[in-house]
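Going down the list, the sequences are from chains L and X. So for the first sequence, this note's numbering puts the first residue at 1; every next one is plus one. So for the second sequence, this note's numbering puts the first residue at 1; every next one is plus one.
Hints may be right or wrong, so weigh each one.
As the list claims (entries may be wrong) - No farther apart than 25 angstroms at their CA atoms in a straight line, the calculated lysine-lysine pairs in the BS3-like style are these:
hint	chain 1	residue 1	chain 2	residue 2
1	L	K68	L	K5
2	L	K71	L	K54
3	X	K57	L	K5
4	L	K100	X	K14
5	L	K68	L	K54
6	L	K54	X	K71
7	L	K5	L	K100
8	L	K56	L	K5
9	L	K68	L	K56
Please keep in mind that the hints were generated in silico from the structure rather than gathered at the bench. Quick caveat, the model's predicted, so the values are computed rather than measured.
Residue-level listing of the chains:
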Amino acid sequence: DQQVKQNSPSLSVQEGRISILNCDYTNSMFDYFLWYKKYPAEGPTFLISISSIKDKNEDGRFTVFLNKSAKHLSLHIVPSQPGDSAVYFCAASAEYNTDKLIFGTGTRLQVFP
Amino acid sequence: DTGVSQDPRHKITKRGQNVTFRCDPISEHNRLYWYRQTLGQGPEFLTYFQNEAQLEKSRLLSDRFSAERPKGSFSTLEIQRTEQGDSAMYLCASSLDLSVYEQYFGPGTRLTVT
Chain L
1 DQQVKQNSPS LSVQEGRISI LNCDYTNSMF DYFLWYKKYP AEGPTFLISI
51 SSIKDKNEDG RFTVFLNKSA KHLSLHIVPS QPGDSAVYFC AASAEYNTDK
101 LIFGTGTRLQ VFP
Chain X
1 DTGVSQDPRH KITKRGQNVT FRCDPISEHN RLYWYRQTLG QGPEFLTYFQ
51 NEAQLEKSRL LSDRFSAERP KGSFSTLEIQ RTEQGDSAMY LCASSLDLSV
101 YEQYFGPGTR LTVT
């Protein structure tokens, strides 16, 4: 039972354009969402997060949007840079079990010149 | 840089052998987590510690797996009688009590069981 889904395994975007990575979840008890970035041979690196009481959180080039009614969140990267090429994981946590992060399967982003 | 470190980075073992991995968390972090990641999947939660207490174990953690954090600092994950299905990347992460959501990951130990 995949509670966090990333339906696009890969995405290719030109440098300078916007990258939009999507994530859907099924558990209505999730109240905190995170995005991690992973380069080859490294562990995932925390990127940005959002609480369920918000619908948007911005940090520099990265913005996460949350649509609770649709159980959907997205990560926008503007402008995209070649160094953003990595695998991006969406993760979620529930208030009753805050320590347990549930990850999606990841989306591989490639930013080309 | 005093991030999360894991040792070894790679381990190749024969089926039936025992293996042990070590994780050193960020020094001030009192929570420590183990995850497993297989090809094409995201990390899957295995277990976590608050200081030296192991507070939750996933059903993924069979009886052949055991984790310890004896002094509330580093942790070890042991797999006994390894099986080919144990081949995966084993990730360790740590966090502060006040920021439990934001877990900081180590580079992982890649286990290959032949």
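Item to check | Pair hint K68/L and K56/L, alpha-carbon separation not exceeding 25 angstroms | outcome: The hint holds at about 11 angstroms.
Item to check | Proposed proximity, K71/X with K54/L (alpha carbon, max 25 angstroms) | outcome: violated (38 angstroms)
Item to check | Satisfaction of hint between K100/L and K5/L, Cα-Cα up to 25 angstroms | outcome: holds (16 angstroms)
Checklist entry - Keeping to a limit of 25 angstroms between CA atoms, is the pair of K68/L and K54/L held or broken? => result holds (9 angstroms)
Checklist entry - Straight-line Cα separation of K56/L and K5/L no greater than 25 angstroms? => result holds (20 angstroms)
Checklist entry - Straight-line Cα separation of K71/L and K54/L no greater than 25 angstroms? => result This hinted pair holds, its Cα atoms lying about 13 angstroms apart.
Checklist entry - Under the criterion that the straight-line Cα-Cα distance not exceed 25 angstroms, is the pair K57/X, K5/L satisfied? => result holds (23 angstroms)
Checklist entry - When you check the alpha-carbon spacing of K100/L and K14/X, does it fall within 25 angstroms? => result violated (31 angstroms)
Next on the checklist: Given the hinted pair K68/L and K5/L, is their Cα-Cα distance within 25 angstroms?
Outcome noted: holds (15 angstroms)
This entry does not satisfy hints 4 and 6, going by the numbered hints stated previously.
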